[in-house]
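A.B. asks: So the chains spell out like this:
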Amino acid sequence: MFFTKRRIGAMLLLAFCIAYAMLAQRIPLLPFQADSAFHARTMPEILSILGIGLCLAMIVLPSPAEYVELKGKSWFTALAFLVLMSIYGLTIRPFGFVLASTMLLGVGYWLLGERKIWLLAVTSIPVAVAFWALMSIGLGVFIEPMPWFLRG
Amino acid sequence: MLEGIMIGLTTALNPMNLVFVVCGCLVGTFIGMLPGLGPMSAIALMIPIAASLDPSAGIILMAAVYYGAIFGGSTSSILINAPGVASTVATSFDGYPMAKQGKAGKALAIAAYSSFSGGVIGAILLLIAAPSLARVSLSFHSTDYFALMVLGLTAVAAFSGQGNVLKAMMMTVLGLMLSTVGTDQTQGIQRFTLGMIDLLDGISFLLLVMATFALSEALMAILRPKAMTDEERRKEQEAHSNLGSMKVSKEEVKELVPVVGRSSILGFLVGVLPGAGATIGSFLAYGTEQRLAGPTKGKLFGKGSIRGLSAPETANNAAATGSFVPLLTLGIPGSGTTAIMLGALIGYGIQPGPRLYIDQPDVFWSVIVSMWIGNIILLILNLPLIPYIAKILAIPARFLLPLILFFSLIGVYFVSFNTFDIQLMIIFAVAAVTLRLLDFPLAPMILGFILGGMMEENLRRALLINNDSWSFLWERGLTLTILTIAVLTLVVPMLMPLYQKWRKNADRAGEGG
Chain P
1 MFFTKRRIGA MLLLAFCIAY AMLAQRIPLL PFQADSAFHA RTMPEILSIL
51 GIGLCLAMIV LPSPAEYVEL KGKSWFTALA FLVLMSIYGL TIRPFGFVLA
101 STMLLGVGYW LLGERKIWLL AVTSIPVAVA FWALMSIGLG VFIEPMPWFL
151 RG
Chain G
1 MLEGIMIGLT TALNPMNLVF VVCGCLVGTF IGMLPGLGPM SAIALMIPIA
51 ASLDPSAGII LMAAVYYGAI FGGSTSSILI NAPGVASTVA TSFDGYPMAK
101 QGKAGKALAI AAYSSFSGGV IGAILLLIAA PSLARVSLSF HSTDYFALMV
151 LGLTAVAAFS GQGNVLKAMM MTVLGLMLST VGTDQTQGIQ RFTLGMIDLL
201 DGISFLLLVM ATFALSEALM AILRPKAMTD EERRKEQEAH SNLGSMKVSK
251 EEVKELVPVV GRSSILGFLV GVLPGAGATI GSFLAYGTEQ RLAGPTKGKL
301 FGKGSIRGLS APETANNAAA TGSFVPLLTL GIPGSGTTAI MLGALIGYGI
351 QPGPRLYIDQ PDVFWSVIVS MWIGNIILLI LNLPLIPYIA KILAIPARFL
401 LPLILFFSLI GVYFVSFNTF DIQLMIIFAV AAVTLRLLDF PLAPMILGFI
451 LGGMMEENLR RALLINNDSW SFLWERGLTL TILTIAVLTL VVPMLMPLYQ
501 KWRKNADRAG EGG
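Chains as they are written, first to last, in UniProt numbering: chain P, 1 to 152; chain G, 1 to 513.
Hint data in this document are derived by calculation from the structure and do not stem from the laboratory. Backbone N, C-alpha and C define an ideal beta-carbon position, used for all residues, glycine too. Don't take each hint at face value.
If you want a taste of the chain G side facing chain P, the calculated C-beta under 7 Å gives, among others [as the list claims (entries may be wrong)]:
{"#": "1", "residue": "M169"}
{"#": "2", "residue": "M177"}
{"#": "3", "residue": "T180"}
{"#": "4", "residue": "I189"}
{"#": "5", "residue": "F192"}
{"#": "6", "residue": "I222"}
{"#": "7", "residue": "R398"}
{"#": "8", "residue": "F399"}
{"#": "9", "residue": "F406"}
{"#": "10", "residue": "L438"}
Starting from the given sequences, assemble the full structure and let the hints guide the process.
C.D. replies: The following block contains the structure:
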């Protein structure tokens, strides 16, 4: 089979390298820089050539017969965690550190199989509060703990 | 040198710094024991805390975490046959069979003594090698530095193992590419920012390390089939319920002394080589001892041999110390872990290299001295605490993994206070998980990312000095020598299998004729 792990990876990276090479050509240069041996595009251009060359070599050369195994992995749980982390990024400011972190941890434990509500609460709320206290009181790095509707 | 040691002792023995060493060793051991999490993740998780400390204390903390994580990795290798890091894989070859024979306590004690000896001997060698190399490297020009960085990057690819050279090279190039994102340092031109203000300063080193190691490792653990985790859990509970005696007999000590001596020197020398690191050191030491053991004792390797356990354990700690030589003297990291430490040093505004020895002797010497102290504390703390530390392995993954994700996200957010960083981190974590599933190594990418900016700057300076001419690549002897070594380092391992195949065919033809 042609689509080995190495070749799939090389194809993905080739797409990245081509996009990188195209963007490298858009780096603006001042008129006097165009003829100099080194300018802002030099390194990106060298790297584009190297990257594309290496990717093509990985695709063309014989590759070890290792294939991607998609079965038996918890794709849904991993995807749910990605969404959860993204929501955390969006809510940490409006909801405040303590509430957003408690939600991240609690939902995280739940996604991995913990169903006891009291255990979810005991293992998430104290961690969020303790970490906030450590950073704000202990190290002097302040972050808003409360949600927007409880702020003074 | 004596004066330097005194400076180092004064800094490292400062009560606050001692507290950091103790905490670092404990936290490192804890993180290192968790299967899948290694020294790189452990150090990455510590960067936000280290950033709030003064440079000496921060580096001391990270060095302690490094040692602790290596020791922690050995513990999980021995008890549950699940090495936390590649450098402790060889430890599991004989450590785990010993645990299965009911000698887990003895295996852990031998691992602790061997790690201690390897670390201490490595630190003595570092004390001798680092200042000498720093003095020599004072005469290096920017062209030589550029060549050295090329050597460092090619060596990482060359040592990545057969069949992985192209992958590792590509990952290095990817790291170099990511380092070009942001505003160009010398000309102030925006590159690859896609019009986003958040990318003007480039990609944060901490963000990239956290996303590619801590976050992606946790996501990989979430992806793994559940049945495996249950099986591991069963093994864990069996293993840490009965550790057995921790006593090592006089005969065993006698047998291990030469092993420790040889493996320390071998490990240190391998560690000094850019890119080789603790993993190759541990496997080389294991192989060397197996050959030296003779036919009778050699057969015991893989079945619970104390020599087979001690050799990789000693070598990986000595190599970890050795990898600090290029970092402290040339400013070039010898491994992924020291690359992260280099990033942290740059964050402090410290440029490691030959001038570090002269300009900031307190940082230079305190790192070296703290290695001795760290190893002593690791031994004092971990030996009596092993039975309790082993219980950490019983914490269910369903609690541990969300905590790792939380600390990774918060670690980055608390430095920048920018929610864009959290989203960017998730994108990088997805890319890292994809690359891991395709067996692409991530450490070369970090090394490329760290060295990218410096490499570009040195190349620019070299061209400027040489009136825009690339002739410096072959006109300056030292630069040419280093570049030739770089090419050989890369080409020889690629040609070796072809040469072996050719010899085999030639032998066969000779026999036939």
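A.B. asks: When the nearest CB of chain P is found for G:R398, is that gap smaller than 7 Å?
C.D. replies: Check passed: Cβ of G:R398 comes within 4 Å of chain P, closer than 7 Å.
A.B. asks: So, G:F399 near chain P? Judge it on the closest CB pair being under 7 Å.
C.D. replies: holds, 6 Å
A.B. asks: Would you check whether G:F192 satisfies its interface hint, that is, whether its CB is within less than 7 Å of any CB in chain P?
C.D. replies: Constraint on G:F192 satisfied, holds at 5 Å.
A.B. asks: Are G:L438 and chain P close enough, Cβ to Cβ, to be under 7 Å, as the hint says?
C.D. replies: holds, 4 Å
A.B. asks: For the hint on G:I222, just tell me whether its beta-carbon gets within less than 7 Å of chain P.
C.D. replies: Holds, because the Cβ-Cβ distance from G:I222 to chain P comes to roughly 5 Å (cut-off 7 Å).
A.B. asks: Regarding the hint that G:T180 lies at the interface with chain P, is the smallest CB-CB distance below 7 Å?
C.D. replies: Check passed: Cβ of G:T180 comes within 5 Å of chain P, closer than 7 Å.
A.B. asks: Using Cβ atoms only, decide whether G:F406 comes closer than 7 Å to chain P, and label the hint accordingly.
C.D. replies: Check passed: Cβ of G:F406 comes within 6 Å of chain P, closer than 7 Å.
A.B. asks: Are G:I189 and chain P close enough, Cβ to Cβ, to be under 7 Å, as the hint says?
C.D. replies: This interface hint holds because 4 Å falls under the 7 Å limit.
A.B. asks: Would the hint on G:M177 stand, with a C-beta cut-off of 7 Å toward chain P?
C.D. replies: For G:M177, the interface hint holds, since the closest Cβ of chain P sits about 5 Å away, which is under 7 Å.
A.B. asks: Taking the least C-beta to C-beta distance, is G:M169 closer than 7 Å to chain P?
C.D. replies: Hint holds; G:M169 Cβ to chain P Cβ min 6 Å, cut 7 Å.
Checked against the numbered hints given earlier, the structure satisfies every one of them.
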